[in-house]
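As they're listed, the protein sequences go chains B and U. Using the working numbering, read the first sequence as starting at 1 and increasing by one per residue. Using the working numbering, read the second sequence as starting at 10001 and increasing by one per residue.
Treat the hints with care, since some could be wrong.
Below, a list of computed lysine to aspartate or glutamate pairs in the EDC-like style, where the Cα atoms sit at most 16 Å apart [said to hold, decoys possible]:
id, chain 1, residue 1, chain 2, residue 2
1, B, Lys545, B, Asp405
2, U, Lys10473, U, Asp10497
3, B, Lys247, U, Asp10475
4, B, Lys247, U, Asp10471
5, B, Lys209, B, Glu275
6, B, Lys209, B, Asp174
7, B, Lys720, B, Glu731
8, B, Lys1007, B, Asp1040
9, U, Lys10047, B, Asp458
Just so you know, these hints were derived from the structure itself, not from any lab. Only a predicted model underlies this, so the values are computations on that prediction, with no experimental measurement involved.
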Amino acid sequence: MPEQPHPKVRSPAARLTTAAVGRTQSALIQGGANQYAELHCLTNYSFLQAASHPDELVLRAAELGYAALAITDRHSLAGVVRAHAAAKPLGLKLLIGTEITPSDGPTAILLAMNRTGYGRLARLLTLGKRRATKGECHLTFSDLAEHSTDLLACVLLDSKTPEAQISELERWRDLFGDRCYLTGQLHRGPADDWMLQRFQCVSQQTGLKLVASNGVLYHDSSRRYLHDVLTAVRLGCTVADLGKHRKTNGECHLKSADEMRSLFGGPELIECSLEVANRCTFSLDELRYEYPEELCPHGHTPLSWLTRLTWKGARYRYPEKIPDHVDQLIRRELALIEELQYEAYFLTVHDLVHFARQRHILCQGRGSAANSAVCYCLGVTSVDPALIDVLFERFISKERGEAPDIDVDFEHERREEVLQYLYDKYGRERAGMTAEVITYRLKSAVRDIGKALGLSADCVDSLARTAEHSSDEPEVLASRFREVGFDPGSRLGRQLTVLIRQLLGFPRHLSQHVGGMVITRDPLCEVVPIENAAMADRTVIEWDKEDLDVLGILKVDCLALGMLTAIRKAFDLVRLHIGRELTLANIPPNDANVYAMLQRAESIGVFQVESRAQMSTLPRLKPKEFYDLVVQVAIIRPGPIQGGMVHPYLRRRADEEKVTYPSDEVRKVLEKTFGVPIFQEQAMKLAIVAAGFTPGEADQLRRAMGAWRKTGVMEVFRQKLIGGMLSNGYEEDFANRLFEQIRGFGEYGFPESHAASFALLVYVSAWLKHHYPAAFTAALLNSQPMGFYAPAQLVSEARRQKVHVCPVDVNASEWDCTLERQPDSSLALRLGLRQLRGMSQAAAELITVARRSRSFDSQADFAARTQLGRRELSLLAKADAFHSLTVPRRTALWNAMVPREAAPLFAAVDDTEAHVALPQMTRSQEVTADYQTVGLSLRAHPMSFLRTELDELRVTRNADLLRVEADRRYRIAGLVLMRQRPSTAKGITFFTIEDETGTANLIVHVKIWERFRRVARSATAIIAHGILQRQYDVSHLVVDRMDDLTDKIGPAANRSRDFH
Amino acid sequence: MTTCSADASHLGIYPGMSVGQARSLLPRHIKTTHRSPRRQLVEPIFKRADPDADVYALRQLALHCQRYSPLTGLEDGAAPESLWLDIAGSEQLFGGETGLVETMRADFAQQGLQTRIAIADSWGAAWAVSHFGDMTASLVPASRQSEALSALPVASLRIADAVVESLRVLDVVTIGQLMRLSRSSLPSRFGQELVQRLDQALGLAPELLTAERSVEPISAQWLFEEPISDRLTLDRVCEVLLERLLTTLDQRQVGLRELVCEWVGAIAEPTLLRLLRPTTDRRHWFEMFRLQCEQRVFEAAVNGVRMQAAEIGLPAIRQRTLFGNDPHENHTQVLTELVDRLTIRLGPQAVLRVRLVPDPQPEFACESTSWLEEEVEQVAAVAGKKRSSSLKLTTTAVKLKPGPRSSQLALAGVEPSPELCCRPLRLLRSPRTLSIQTFSAGGLPTRVNHSPVIRISRPERIETGWWRGLDIKRDYYRLDLAVGTGLWVFINRNTADWFLHGLFE
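Just chain U, same shape as in the assembly (with noise of 0.2 Å):
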């Protein structure tokens, strides 16, 4: 348990119990008609804690913080929590170190935040102040820290909790007594970072503000001196921007995968590009923004062009064959591009390759997954893709597609089963009835579809999706018929109905 509501602590329930623990503390029986309503529970609410994502918000929260000062940054420590700003003179523009708190207290009340903000001359006594004074906001006067302090507890210094113990058991409590302690007998006793702590906390030792920086899009951009509506002006802006783009991204040896080009002034929806593989290869790139804005029409005229580099990669670097001749080397660009082409013509969701699915009924043995999809989680699992963008995550996390799926792929391996030898090549996407005119006295049709039967295979019997759905039970059988047809066919135990479900051909 990372955190809890008013009312789960009211239950007895804190932070740094297992979930376990604080389940068993949760009332057992919520009964649902209870007299007094007062007393109705609600079912609790368990979350995972994602600590990535409360950094990533902690930084969003620091730029928008720079409005009140250029240097804005989290706290140092594995798991920060707070926001520093380094304030120095900009508090002139709100009236005052007053107005700048009065200022940021509502703003972040806008956004629905509490906060607790505390002035200092250092970083330490701020923090200290900040956690544990008595407001929630609080003016520390310049070189007067240690009177602030020594009120405060050892905790507030920002120490491990071995040593905040280990102070407890001497009846060191607060600042104020550990100040009276004889310094030298500190660092050997408590470490030297307590040492550290307290001088930062009294302004005596330096500390450092990490600044967090807006990472600035990979953009080209063109504006006209008038609106232009003249088609082949705009392809050509669009491939000197292309280009330039692509200079940029070469210099820092990526490829580029997904593309967005906004059309300024224009009511024109921006065209959105991606393939399959980041690449910085002009003509590809060239041929797909082409291909792209064929039948873009525009409205009215454009005041200018901005692109900007959505997504960029490490492009699949291989080794090449002297002559470049080799045919095996070609052919997966070549396939690439194919797949890159007719996707940007048909959409994403029409280009699709077949899967094999390591499941005994037959409908669900293979599935088609789009292209592109495919591909991005295998870029994701090869390289940490890298997003830069205003309006996507600008983060080096790697996002990998989790789910049943991965780990079904590692359960089944790739190889084809020998079943698949036996199967028919053309599938029916759900079995249809089969009409069989006689019947043989074990019970097996000798004339379908009004053709007699040659030969028929022993039955495979296929038992499973129990866990899914419906209990399958079938037997399936392969006839060939007189006319020169191989159906597969299947029995279902369970009512002794035959079907057709696929056709060797």
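This is chain B alone, in the form it adopts within the complex (with noise of 0.2 Å):
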């Protein structure tokens, strides 16, 4: 690898600590009379083999007063940065390195000198990861041999017979020459007096120098029990069986100085490992992020080429006049990004974007890109920076020394297009997904530590499904306990709990995360271990996102939404079938009659406000016009809604209540809102404005308000905030509700601009749905698995916007749903041969080749043409597929039951059987087919096949709710569509069911869940009995009881989506 040159100020992160570098990394340590470098280190990246998290380690070894401290996690570096974050304020030298075991060779430790020797070290992991499967790696010798430059060894002494190592010493010797050491171990076992001489021994008679290391596995001897657990876990065992593979004491811990001195009887061990820390030199601040160089053209510097895309971009999207404010906006972000140096970062989001678009991909920026003008300009993101307060802040800043964070949308079919792109176009060495850290949640420690002290697998069960939903704090664990019969207050359940704890938060596994995708000029796998992932094709990077952010290496997001490509099949569809050419950016805006339609709450399959919270919102906070949109989105979360924010504002926005500002200022940022702060960049600014925070202050406290649970940052803030306000002279009641609205929607709520790029998509697939509704209800189709609604429902309000469907027919089904030309001009919705559950897209393939020539005139004929097996011919048969062809269903399904492919001699034949008289079947039977086989049927609903009866049993028609007095007890039977537990309800339980007439929404409480519990969680049709609500249109049976229809009802009904 060529000399870099020396670290330009790139890094943000290195230029937070310059002094802290100065003071650990340049100085070489003396060999002092109290100094010890510890060289062999796992931390738990290690997974299930260390039991101290790098933050721990770290702490702990300055508290010693150690000269260096390696993080050596086995195979792996994905540790390192965490230490590294710790230690630098700490002023810890840090030694970065890694435990290997060659298939044909001992275990040893490798450590970076430098640069270069890291980059080996990461490309040697990288090779062994490749070859492997994930979470494995496997090298040999040979591989150590290509990569050993600038790569310390310490090889690790047996601790049974040494002296058996000397011949496979040889060939180490020979390859790192004095770049190779001989660790021994002395945990206080049996001999170690005798075990050292040994050691010794080796040295002398391999020439290798011998350094002491502790093969610490965790900071501090207390951690010896979870080892043990950890231990159990790895091995599928209990802690009693753990058998030769329990350490006998807990000595894996970090040790002072003296300490080490006297179990290595001298000093001269100790002070080998300082020799072999002052050897290396590297730290991970030296790395550097380098974007990728070949997006600019010829000519250009990155920043020339960004100002000219952008000022291009902005003519294009003002094409009269840029508005002044933008045009200022440009400017000042422009300056910003060519201070801290991103404009290759916005080229690279601009170049996959072109892609994108290219390939007639739909994408979106969303997140809080959305609050540059830049990315507006180059069409990375589509919210007008003229039509909401943009806070560029927000996306980048200088206090906050990070990465900003660009976060594009694709359509979710086609996103991994975009992904292999990206791969093909930097290779696997340059690019790479970011990881996820998987980490123990409460309900998997409480699983594998039950497990590991032997709990039966019943006991281990019910606790597991009891802290499910539990908080972590000790009293609230306890008494969940209790409640399952287990007492922790018992030893075990002490043990339990306490075990608990310490593993609550340890990393588990690496994954892959949702869509960060990291790209380099120089090797990628020279700067970080990549590995491959468990999806074919993917290769992931061992770091997540945090640790790229401490890094400062740029990600780009790439994520997959399902609505563009409902949204893209709908324009392509518009496009086919009425020539009109439709993009995000040309529909018409301010329809009133779309509007009026989202005012009615006909919302089923419109982005985003068609979930049952959003649906019951609508007809009170009455949208009309974009920002509606912004607010509707935004308002509708987990935070706003603790926050207690949804009420006052629909109060006020109905004049139902008065808003009052406690200052111009106030009044400026909350005035769009009525007084209630619903957006990230609201509390933002009120945090500037009131309380005289800095914007970089203010973006750390959203960035605390994110996090406030887990640290105590939140307290901090909250004396400056409401300190703050008070001396700006607003009154306290006042900053305490503030900072409470603050707190509240912290980790929820959304930024606005992110919601202004939502309310975009809610805004086009609502104007597809009012105008388009046949095409729409297509592309929604063709889109599946999406959205909250199953295809029937989706159907059924199709037809409700008097659609015309057809149903799956082999002589007019794709496979995709299509639409048909009716004679009356209109365009009816054919159903596809997607809809049919079992069916794959070649046998549809085949289907539709076969029929290009002629269309089909009988079954037999249509077998003969498609070969299609007995398994597709009956699924056809008993969707009623053949529909054209005359042939009822069950005479299509006897015929189709003969094996034809078994019989080839026959092919030719025609059926010359006797005819069979089947039994006719009757109407239900014929919609419960349908629901079977389609899940959604054009005939009628199963419930009206039962209406004589529920009218017997005095049940209210869905349709009726509306209009019958409210605060009175109905029965109302339906199937169940869904069943959603948010976590803001308390417990509430809703449930959608749906009559012939119309859905229904049922609230039930806990109380009555617990009650009729069977029929509650898997009943598919019920009768619900209890009290009509009603609130602004808005009709809620609130439940005291329930029947089961299921039996009734047949095999019929749908699954029902179910959220919890």
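Dock chain to chain to rebuild the complex, using the hints, since each chain is given by itself in its own frame.
Structure representation (structure tokens):
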């Protein structure tokens, strides 16, 4: 690798603590009296092998006054960044390395001496991991030989027969020369003296220097219990059965230099550890992120090219005249981008979006990037900065010292194309997905520890289940345990509780981030090891989002969004059948009819606002313009709901409550939302104008809001915020309320820019639904699974909108749902073969290809020409897809059952069998069969067959619920479409049920749920008894009794979509 | 879930569910103080299904039923649940078919079993009527199967669920409907089995009954014409019987492991004899038998002797050297015989061997196990043991002793660890308080048992045992005293007390 120039001030993280760097990295460690460097230390990123977090180890090492600490996770560098981040403020020197065991050699610790060595190490691990399955690493000594430059090797001496290793060690000596050391470890075993002598003997015979280390597995000996448990989890047995895998004592902790000296009988071996530490000068700060360079054409600098693209885009976005404040915004942003040298990042994202556009993949930036006018001009985001208040600091801020975050949504079915484009363009060596560290949650911790402690499977099961929705507060957990009959005060109970609390937050394994891609100029595998993901064709780096943030490495989030797929498919259908070219940008804005439709809560299928909670607020919020949609998207979120903002907002909007502002500044910030803070930006701005925060501090506040529960950081901000507001003359009451509101939506609140991006999709999808319902429904059906509703509801909604829907038919259906021109020149929706459960796309292709010459005239003709197997033929017959051939469903099935492929000789012979008289199907049987095969029926609703019976039971039709008097008892019945238990609703479950006249909402309290548990959980159709509540034209039945109708309805019913 | 109680099915639990699913249907909080006692719920009990045991029990029932008919057996199929009795002719003994059914029903009811009984011309029809008929006992008149069957659902034909389902789709629910369909069109659509089962039910196709037979025990007996009390005669008779038994086993090429010898007519307890390994070695067996009977005193005369092989097994076969003089070869045999001899004299609990256990705590690092038990495990693991006895299971199923020990063994391996080299040969059963006279400045003993300490090793630290009881925290030292003894002592790091735990010799 070529020698790198001195680091430019690029990595923001590096900039923050240059002082600390100067203190630690440059100075050589003096072999002082009281110094020791631990060279072999595993963190909990060696999954299930060690029992301390990297920062715990670093902290303890600093307390003990270590000269240096090596982080040497097994076959991994996953934990080093966290250790680095912890070590820097403490001024502890960190050595970066890894513990490896080649298949043909002893275990050794490899330490990076410098940047080159580090690159080798990362490359070596990449090599070993890419050839193994996920989570494993296969290396041989010859691999090591190829990547040994600038690496130090400390070979672990066997604690049983070190002499046997002598011949093997000669290989290592030849390869590494004087960079090879021997490491002996003494853990107060039965004969440490003797062992040490034998180690020294081996050292003399091989001529390799012996160095002390302690093979650290935890920072403090009190973690030995957890370590036993983790070992048991790793081996899949109980702690009692660990046998020889058990450590005999808890000596694998960080020890003071004195202790190490007395263990190793003198200072020589300890001083040798300092020698090794001194030879390693590498620090993670030396890693520099370099953007790919191929993105700007020859003769341009990245900045000049970006500037040019931006202004070109601005002229395209504002054909008449660029508004003044947008012009200013662009200039200011470009200046900041130049200062922070982020231009290449913007170009990277632009390139990605450009590629997607070329391939006609819909995409749209979301999140904080929508706060940037530059992103708007580059076409990355679609929210006009002239329309909403952009807050560029939310996107990039100098104080934060962190890379900007640009998230781009792509069509969910085609995102893989984008990812593969990145892999192709930059190569596997330079592009990789970000990792996601999966950590122990309460449930998994209870499960694993319970098993390891030898609890019975039943007991573990019920404990884990009860812990699932519990908080990790010891008292809460204890009472939960008591509920299921487990005494938390018993010895076992106390052990369990303590261990659980220690294990919580431990990394369990690495997974892939939903869409974060890291792209570098130089080989990425020399920055961080890359491994195979569980998914084919994906490669993942070992670091997660936060690690990348710390090192200032930028990533691009390529996310998948189902609605974009549906919108693109709808655009395609409209182009094909109507000839109108639609894009996200040219949808006519402010269509009053579209808003009127939303106000009526006719929003099934519309992005975001189709959920039950959204639908019930739509008639109250009555969106009239785009900004109302932004609010609508943002307000029905756990944050604002918990912050108690929804009702004040609705009341004030409906002029039922007076809006007052404590000051003009506050008025300016909150006026748009009637004095209720709804967006993150508003919280930040309030902090700025009312409490005197700087924009950067305000951003820190926002980040703290996300994590307030975990750390005490929020308290600091609370004092600062409230103090600031009081000193600015605000009332304490207002300040406190504001703080609570801000805290309320911390994690779950939307930034305004993000809500605006989503609101745009809400409008587009609503517009499509209103103007082209057939195309929109077809597109939704073709993009399943997505959204809240099953095909049955989407189709019945389309029929309600007067769209003619045609059934699946072998002579008309394609794989996808299509549109057909009707005699009256309206467009009808033809269900596609994809609606058939169990149908494969390949089989559908066979049908469409065979049909191309002429349509099928009989079932035998169909079977002969498509050569489909018995399974597909039966499936089509059951679904009544031979309807146009006038074959009754049962006869078709009867015919389809003959195995054709088994008798090729008779393939040409038509059915000569005697005609069989099969029982006629009743109408309700037909509907049942429709539901079973297609998931919906165009004939009738299954409930309609029960209507006479239901009338006798005095069951009200759902459609009548809007008309009848409220606050009285009613019975309603229907298929259960959905069960939903939002975390904000205190255990209330919302049911949506459907009969032939419409849908109804049920509210089921916990008590009722428990009493009618079986029905509530599993019935596919129910009769609900209860009191009808109505507010603002939204009706709910508060259920006090439920009866099961499943048996009456037969297997017709759909599986409900349950969200818990 | 393979089956559940009526209470459970009331909650919506049905066989075929996963246990987790069933659990989620159980009421979550079982309240002990509920106002109405009617709603009080009992703690659910989950038991592991054991299909082998089910089949075994059913076999026993089949044998029991041989009092009704000479040919009884289990139905065909992977998971049999019905008994078949070929009653041709034997019903006369019970007063006709009705009488037979009544007798059987009463018999089973006495055993606490509910029955559904059907008598028909074909196995298939009887199966169908008993499973799906209206009554718990039904008699299908001769050659009238098709009428009896036509109203029954197609599932009563013992066909696969998939076939039943595809017939249901066509609304063919009863056998009658099925019989109306053209017969030739059935096999291609629903498989050969359907037609075959239909024919079997109608008596048009044959079906075989595999009858149960009780296995003859391997035994030999000698009944005297008059009671005998002469010891010499008895010994001789026993020898002859044992010889006969062993000869029979020789022919089958198996060895005898456990022998039961009953003394007919005497109140004397039967004599049980169990060896370490199965063998037919006459010399050894005679010797063992003699040893066992030596001290037996017969209070009354004996009418006869019955010997029975309670457990047999494959004898250890090893290649012999040409002259049989390899000391190694004899070594194990001599040891085995010694163990047998000692066990018979002292009882199985007195003849022990030591086994290493990979546990850091010295008290638990080894355990003594009975030679015999240890051997049982090994033998069972090597060859499936065949038990043939009227008392014990007549099954070839291998009964392995499950449990932590075997898994521990697997984890532990057998090689001795290097720690062992540093352990004393004599370990006290429990640590004893050490009498220490003086301590060094570092807190280590310098004078113990009134003898100066001349050498003290570096400590070996042991911290373990937290999961089973007290958290053990000890530092072990080897103390060499001036008087020449080596002590293995430790300091309890929780209390700073010193203990003696072993002696080096």
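Evaluated hints:
no.: 1; hint: B:Lys545 / B:Asp405; verdict: holds, 10 Å
no.: 2; hint: U:Lys10473 / U:Asp10497; verdict: holds, 11 Å
no.: 3; hint: B:Lys247 / U:Asp10475; verdict: holds, 15 Å
no.: 4; hint: B:Lys247 / U:Asp10471; verdict: holds, 14 Å
no.: 5; hint: B:Lys209 / B:Glu275; verdict: holds, 11 Å
no.: 6; hint: B:Lys209 / B:Asp174; verdict: holds, 14 Å
no.: 7; hint: B:Lys720 / B:Glu731; verdict: holds, 15 Å
no.: 8; hint: B:Lys1007 / B:Asp1040; verdict: holds, 9 Å
no.: 9; hint: U:Lys10047 / B:Asp458; verdict: holds, 11 Å
Taken one by one, the earlier hints all hold for this structure without exception.
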